[in-house]
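Here the structure of chain A is known, so what remains is to put chain B in place on it, guided by the hints.
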Amino acid sequence: MEQKPLSEYEQVLYGCRFCPMCKPAAEVGNLTQLESHSTRGRALLLWRAAKDLEAFSPRDAELLYQSTLDSISQAWCINHYPVAEYVAAARRELFSQGLIPEVVEDVLRRNNRVDACPKAETVLLAGEISQLDDLSAADPALKLLEACGEQAKAFMSPSGSLAYALGDIQTAEEQARRVTEALQKAGVKRVVADGSQTLFALKVLYPLLGVPLPDRFEVVDLAELVEPIAAQNKLEAELNGDQAVFFHDSRSACFLAEELATDEVIQPARFDSEEYSGYGEVYARPRRILDALGVRRVSSVWSKSLSRSTGTDDGLWLTYPELASGLAEMRLDHIRSLGAEVIVTESVLDAVHLRRIQASGELRILWFPEVFRT
Amino acid sequence: MLHPFQRSYLESELVDIVGKANVLTEEEDRRIYAVDYFWVPRMYIDRGKVPPIPDFVVLPGSPDEVSRIVKLANIYRIPVIPWGGGSGSQGGTTPVYGGITLDLKRLNRLIEINRDAQTVTAEAGINGYELESALNRAGFTLGHLPASIHSATLGGYLAARGSGVLSTKYGKMEDIVMSVEVVLPGGDLVRTLPVPTHASGPGILQLFVGAEGSYGIITEATARIERLPEERRFRAYLFKSFEQGLEAAKQIMLERINPSVLRLYDEPSTRKRIKTILGLDLKGFYMVVGVEGNRDIVDIHERRAHDLCVSHGAEELPNEHAWQWWNHRYNFYYPPKCLDFPWMFGTMDTLCTFDKIENLYYTKKKRLEERYAKWELQYIAHLSHWFPWGAMIYDRFIIEKPPWDPREALALHNEIWNVAVRTSLECGAVLNEHHGVGLKLARLVREQYGPAFQVLEGLKRGLDPANVLNPGKMGFGPTT
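Protein chains in written order, with the working numbering: chain A, 1 to 374; chain B, 1 to 480.
Some hints here could point you the wrong way.
[Said to hold, decoys possible] DSS-like cross-link-like pairs, simulated, lysine-lysine; straight-line CA separation at most 30 Å:
hint: 1; chain 1: B; residue 1: K356; chain 2: A; residue 2: K51
hint: 2; chain 1: B; residue 1: K49; chain 2: B; residue 2: K71
hint: 3; chain 1: B; residue 1: K337; chain 2: A; residue 2: K51
hint: 4; chain 1: A; residue 1: K185; chain 2: A; residue 2: K143
hint: 5; chain 1: B; residue 1: K49; chain 2: B; residue 2: K240
hint: 6; chain 1: B; residue 1: K49; chain 2: A; residue 2: K4
hint: 7; chain 1: A; residue 1: K234; chain 2: A; residue 2: K153
hint: 8; chain 1: A; residue 1: K119; chain 2: A; residue 2: K143
hint: 9; chain 1: A; residue 1: K4; chain 2: B; residue 2: K337
hint: 10; chain 1: B; residue 1: K71; chain 2: B; residue 2: K272
hint: 11; chain 1: B; residue 1: K272; chain 2: B; residue 2: K337
hint: 12; chain 1: B; residue 1: K460; chain 2: B; residue 2: K374
hint: 13; chain 1: B; residue 1: K366; chain 2: A; residue 2: K51
Just so you know, the hints here were simulated from the structure itself, not pulled from any lab data.
For reference, chain A alone in the conformation it holds in the complex (with noise of 0.2 Å):
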């Protein structure tokens, strides 16, 4: 991942602007079927921007915030042009040219905080769950580290992951280098992200920003965590064997794998099947603790770095939550056809998200640390 101007990536949307070919993994085009909500749609808005053909309209500044960072496009891609890369340069031209839409604003200014790290050996970033503004959302993840013998107290505060996919860079400098400093001062050693969002601005995104965080922190998720214990027979799963189980990616995880799709998942044929859909331990642990747990799972072409966002995913759903709510309902649709009873993710947002959208109740949805009986 790099942060460049959005003129540098001139080249990649010249090859964007008039190409289709990725609009089955379209997100909110496969929703609202606007031509403009298609990545072609938006690349061919900023090849424009970036040759300054033209500057960046109000209209242009919605279009491109009515969407995730579209990663999903990028993942399809068979040459991965880098899409959430270019979406994130034009936003962060946006924000800096004063262009962004009030709903963004708001957000951001809602979420430009950096809360009190509790002091402890182990904390669990809560940094997806800060947007829930709710620190009792947590407490899983903690019966679960507790189960595995950790002692952890929960950090709720902004990672700084969504000031970065809003395209407010100075934010989300300043919240890494304010979580580093915070975390420092508690005296942590561990901390343990509460999903892939979270992981990712500790990993990737702080790096990435000039400010990474010490070698002396071990950074871990919640599978990382589980996986030896899960191992060694000391947890229980909370679902029936019986259960068709359908596992989701936040879309935040495929900044962390090893290999996007192959290009042999566009073929039409691959729809039950997501051997070709990534590759990388933040999709293969999860599974194996399933796995294990003798859970059985249920696929689809669409995970992994194909995952279709349930519209939690860079901010969506707080600034256009109609738009959040009808991916969701597109995303509990697909997973329904599959035959599945049971979601599990990894993403809090993810689960709070397709619980309060899904009217009937007839998935059980759970956040990953609510597998385990704890």
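For chain B alone, coordinates are given in the frame of chain A:
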């Protein structure tokens, strides 16, 4: 041109039909609908110019809404241009006279997979990849796998009379479709006969297939579907000459071997495209043969096709050279290796009977390469849709350094197309085989049909006297 007052009135009526969220009036939303895969508007944008954009983009959510919009367009005398996935290469969606671009992608329901009848019924705006994936999940295939599958819609497949890579076995869209629901230019919603064939007079169905929305807007279609093959096999060969490859393929077709894929690349395509995309460094004429279906039948067809290729001088290539094409066949269309700007390029796919193919290939190649030597025009071709008595030649021209000035570029582009199409006609072939007419070839349709064009024109006058549906395409004029 609409007066701003009229425009506001029309807008309020459109909003009344489909709701505010589905009427796009901002330029930022409308301008993307000016450009699909047609080279000319892309060139305009590439050169910093703005091609014609629609006055409104409207996204109807039901056939009834389509009908009401079309009726409204007749009152206002404003063009209605149907839009599917935006993958057309002929300018079929270019809003030459402005008007309402009707984006049909909200009509995207898969209505029924009928296992008994072995048909699928879906709304016209369903995405091709989504449709095929859903069919595959149920154990079927549409048998239509075009390069545009990830973008194109079912309605678009039909509007352009498209074909896919398995067309040699399963047919083109006009063969695959069984019936359509259409909003006629006056706004009536009609359905063609729900049977595979009939003798109730001429087929009305085929009037709408390939008409690019000129005779009506397809809102739903029922198509035949095929069981997923029990066995799918590919073999790859290298021929020493184009003639040997052609003859082997012709014999395969005349023996009714029914291959799913029969794809013969000429020497420049083998040398350049196959190397660039698949990484195979071959000298000669690369051919992929595919057979699929019942295992026992596949055994026989594969063996006979192989014997025919070998007896015509082919060297068999390692099997992975064939699968490589199948597994990566969409890679040909992704940047940066697809044909893209700043090049000028065009696909001139045409069709003729077996006896004319060689002459057509060499005549067109020579004529285009010689006449446009100054521009270093390259002519490449492969033959990929075969019929028992003829074949489609998918020939392309490429100019790597075309004129920069848009007017000059357009003039050269159109001149090349005139020469190419007239050469096809002169050699006993047709205007186009599976991309359609659109705006690109509209001026040449009358040349192809001669006095027979009055059949098409008479139908247009009778059905759409004000010419509101997709004006400027198929050789028809503007809205009156």
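Requested in this report: Quickly compare the C-alpha distance for K272(B) and K337(B) to 30 Å and report which way the hint goes.
Outcome: 11 Å, holds
Query raised in the report: Straight-line Cα separation of K337(B) and K51(A) no greater than 30 Å?
Result: 22 Å, holds
**Report entry** Hint consistency between K356(B) and K51(A) [alpha-carbon to alpha-carbon, up to 30 Å]
**Finding:** 48 Å, violated
Requested in this report: Below or equal to 30 Å on CA atoms is what counts here, so check K49(B) against K71(B).
Outcome: Violated, at about 33 Å.
Query raised in the report: Does the structure keep K234(A) and K153(A) at a Cα separation of 30 Å or less?
Result: Within the cut-off at roughly 22 Å; holds.
Requested in this report: Below or equal to 30 Å on CA atoms is what counts here, so check K185(A) against K143(A).
Outcome: It holds: about 25 Å lies between the C-alpha atoms, which stays within 30 Å.
Requested in this report: Take a quick look at whether K4(A) and K337(B) sit within 30 Å of each other, Cα to Cα.
Outcome: 24 Å, holds
Report task. Please work out if K460(B) and K374(B) have their alpha carbons no farther apart than 30 Å. Result -> 42 Å, violated
**Report entry** Hinted pair K366(B) and K51(A), Cα distance within 30 Å
**Finding:** 39 Å, violated
Query - Distance restraint between K119(A) and K143(A), which requires alpha-carbon spacing of 30 Å or less - result: The given pair, whose Cα atoms are some 18 Å apart, holds under the 30 Å limit.
Query raised in the report: Is the Cα-Cα distance between K71(B) and K272(B) 30 Å or less?
Result: Not OK: K71(B) and K272(B) at ~51 Å, beyond 30 Å, violated.
Query raised in the report: Hey, K49(B) versus K4(A), does the alpha-carbon distance stay inside 30 Å?
Result: 27 Å, holds
This entry does not satisfy hints 1, 2, 5, 10, 12 and 13, going by the numbered hints stated previously.
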